[in-house]
Amino acid sequence: MLIERIPGQTVQGHRPAPRVIVSPETWRTLTGELAEGRMTLFGLWGEADKVHMALLQDAEIVVVTIECRDGKFPSVGQVHPPAIRLERAIHDLCGLESPDLQDQRPWLDHGRWPIHAPLGAAPVNDAPAAGYAFLAAEGSGLHQIPVGPVHAGIIEPGHFRFHASGETVVRLEARLGYVHKGVNSLMRGANLERGAKLAARVSGDSTVAYQFAFARAAESALRVEPTPRARWLRAALAELERLANHFGDIGAICNDASFSLMHAHCGIMRERVLRACGATFGHRLMMDTIVPGGVAVDLTPGGREAVRALIANIREVLPRLVTLYDNTASLQDRTVRTGVLRTTLAVEYGCGGYIGRASGRDFDARRAFPYSPYDELRFEVPLLTRGDVNARVWIRIREIEQSLEILDQILARLPGGPARAEIAASGRDSEGHALVEGFRGDVFVALRLTAEGMIGNAHLRDPSWFQWPLLEAVIERNIVADFPLCNKSFNCSYSGHDL
Amino acid sequence: MRRTLLEGLKTPLTERAPDADDAELAALAAAVQNASAKTLGRSLSIRHVDAGSCNACELEIHALGNAFYDLERFGLRFVASPRHADLLLVTGPVTRNMREALERTFAATPAPKWVIASGACARDGHVFAGSYAIVGGVGDVVPVDLYIPGCPPSPNALLRGLLAVMRGSAAR
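Protein chains in written order, with our numbering: chain A, 1 to 499; chain B, 1 to 172.
Some hints here could point you the wrong way.
With the Cβ distance kept under 8 Å, some of the chain A side facing chain B (calculated, not the full set) [what the hints assert, rightly or not]:
id : residue
1  : PRO114
2  : PRO157
3  : HIS180
4  : LEU186
5  : ARG188
6  : GLY189
7  : SER260
8  : ALA264
9  : GLY267
Covered, in the sense of this in silico footprint (three residues per stretch, anywhere, with C-beta under 8 Å from a C-beta of chain B), are these stretches of chain A [said to hold, decoys possible]:
id : segment
10 : 17–30
11 : 142–155
12 : 193–201
13 : 269–279
14 : 283–291
15 : 485–495
These are calculated hints, taken from the structure and not from any lab test. All residues carry an ideal CB built from backbone N, CA and C; glycine is no exception.
Work out the full structure: start from the sequences and follow the hints.
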């Protein structure tokens with residue numbers, strides 16, 4: 001076990017496993033192990049005077065903490081690149097410095113907030129950051145293409161800086177943070193009810209995944225169990241969310257390859273999923289359906305039939321859509337061998353979701369940490385190794401099929417009883433973390449609750465943190481015109497990342 | 001295969017146009033309908049701006065293009081540049097990091113122009129109100145002509161609002 005060999009002071013109130021406060025030496029040792037690929041970085045976040053790091057090894061997650069007595073901590077990103085942006089975000093939000101990190105540019109702080117380091121010990125309003133230096137590319141005939149933050153389509157805002165040689169992308173660098181809303185600050189001091197509402201609005205396409213992870217983290221900290229019926233309904237919500245997003249994105253990927261017929265049909269299927277959700281749970285995107293202790297909604301009368309009808313319709317239509325996708329040479333010409341993500345990079349970054357699984361990283365939180373009811377469900381985790389746009393589409397197709405299987409089992413075995421358990425404050429400080437497999441990948445939530453049951457600190461880590469940097473690697477040597485295709489096949493979250 | 005799939009689209013899925021039955025919406029729409037109808041006739045080019053939303057609003061705006069809502073039949077279409085737009089459809093609380101982008105997008109839109117603030121966040125910041133990272137609602141940054149409620153507004157609510165701007169409830 002990882003936890004047994006990490007020296008330090010254990011914090012027993014942290015669930016499901018203790019948190020370990022480590023020395024700078026141990027921190028550096030662990031950082032070195034990350035760089036050697038012996039563990040996976042699963043999260044890195046700060047508070048006013050400390051930095052936490054979540055580590056994944058085999059089927060174990062350990063959270064370690066370093067106290068930053070002089071406002072500094074040893075850099076993780078300098079030896080393990082997946083941590084770089086997380087570390088820059090820690091500096092922006094908490095004011096903690098990692099002096100040995102080479103890239104000291106701000107990340108979320110664009111110099112426009114009235115305060116600096118809002119999560120820090122003493123938020124200061126110092127001089128705003130001036131300008132932003134993008135990484136350079138040198139060579140004859142290179143030109144830059146700046147895109148965003150306002151994009152041409154109906155999507156979230158962010159800036160992409162391309163360096164191109166003719167049609168070929170030499171370097172892409174993203175600048176994010178435009179939709180930073182200060183969720184961590186808003187969480188502090190909030191009660192669990194408000195916390196759940198905020199969690200539901202971290203990333204609208206993953207509202208169920210975030211509510212699910214938030215609720216489980218709170219339950220873990222408070223050592224309470226949701227009711228059996230709630231656990232199964234949560235999985236139904238999560239799988240419906242997966243279906244809606246996979247249909248929407250498969251269609252949008254094909255649309256970015258100018259094949260609008262698939263887009264039209266997938267749009268119909270997505271709408272049918274959303275309507276079934278609306279009919280079954282009262283909200284098309286299923287916001288505010290999950291709360292600590294259970295679920296806030298139960299199946300409406302006729303809800304079970306609505307989901308059954310949806311499943312039957314998808315089973316009828318999907319094979320024809322798959323045939324259309326697979327037999328259209330002009331479409332395959334765009335998706336096959338485009339935007340290849342190598343397995344080594346996917347593993348190094350701990351890249352989750354369909355992006356990782358299309359590149360041979362065999363990880364799915366539902367199987368690696370089988371939370372209820374997935375421990376009682378039969379399903380497969382599709383895996384491919386090609387890592388191109390086509391592989392990412394295929395993973396999603398296979399995941400649609402698996403979600404249908406899961407929904408079948410849930411409808412057949414849904415337990416009775418109440419959908420919500422009462423929860424009460426524990427009377428002492430408590431901590432918990434939880435992991436949920438959203439459509440995009442693993443959503444990780446770490447919570448500290450006060451004795452009164454209020455939120456002391458909250459960290460919600462989107463899978464996009466470990467996916468956005470890889471988009472930049474994937475687009476290299478592809479043509480500019482294939483960027484939308486690559487980008488859509490990743491479909492990283494802006495809001496979930498910027499928080 | 002392709003023929004059968006195209007046949008699938010022949011059966012109309014498209015819904016009847018929604019009535020402007022919301023009293024508050026009708027009142028707001030009355031204020032802008034005369035000018036917009038005179039200037040625009042039966043066509044409206046829309047530029048969407050996400051000023052800080054959680055992306056739920058965008059998902060439902062996307063749905064306007066599917067076969068059920070088919071917004072182009074009303075003469076409504078989304079355009080890629082504010083230079084081509086009559087109307088800005090703005091979502092989200094306005095974050096401090098997006099304020100300038102929204103102001104510049106508004107400035108780049110030729111007059112006469114309209115602004116719809118879409119969704120609870122766009123009205124007053126909703127759950128994000130009070131954050132250091134938030135300016136407030138859309139109306140705190142650019143003048144707003146119509147507000148569409150919802151979290152997120154459903155495609156039908158969006159259609160009602162857009163149609164209200166274009167033709168006004170009185171004409172019905």
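Hint-by-hint comparison with the structure:
1. PRO114: This interface hint holds because 6 Å falls under the 8 Å limit.
2. PRO157: Hint on PRO157 of chain A: holds, closest Cβ of chain B at ~5 Å, below 8 Å.
3. HIS180: 5 Å, holds
4. LEU186: It holds, given that the least Cβ distance between LEU186 of chain A and chain B is near 5 Å, below 8 Å.
5. ARG188: 11 Å, violated
6. GLY189: Interface hint status for GLY189 of chain A: violated (11 Å vs cutoff 8 Å).
7. SER260: 10 Å, violated
8. ALA264: Where the cut-off is 8 Å and the nearest Cβ of chain B is about 6 Å from ALA264 of chain A, the hint holds.
9. GLY267: Holds, about 4 Å.
10. 17–30: violated (count 0)
11. 142–155: This one holds; 6 residues, not fewer than the three required, reach chain B with a Cβ under 8 Å.
12. 193–201: That given contact holds, which follows from 4 residues of the segment 193–201 of chain A lying within Cβ reach (below 8 Å) of chain B.
13. 269–279: Coverage by chain B holds here, the residue count being 3 at a Cβ distance below 8 Å.
14. 283–291: holds (count 3)
15. 485–495: holds (count 3)
The structure is inconsistent with the numbered hints 5, 6, 7, 10, although it conforms to all the rest.
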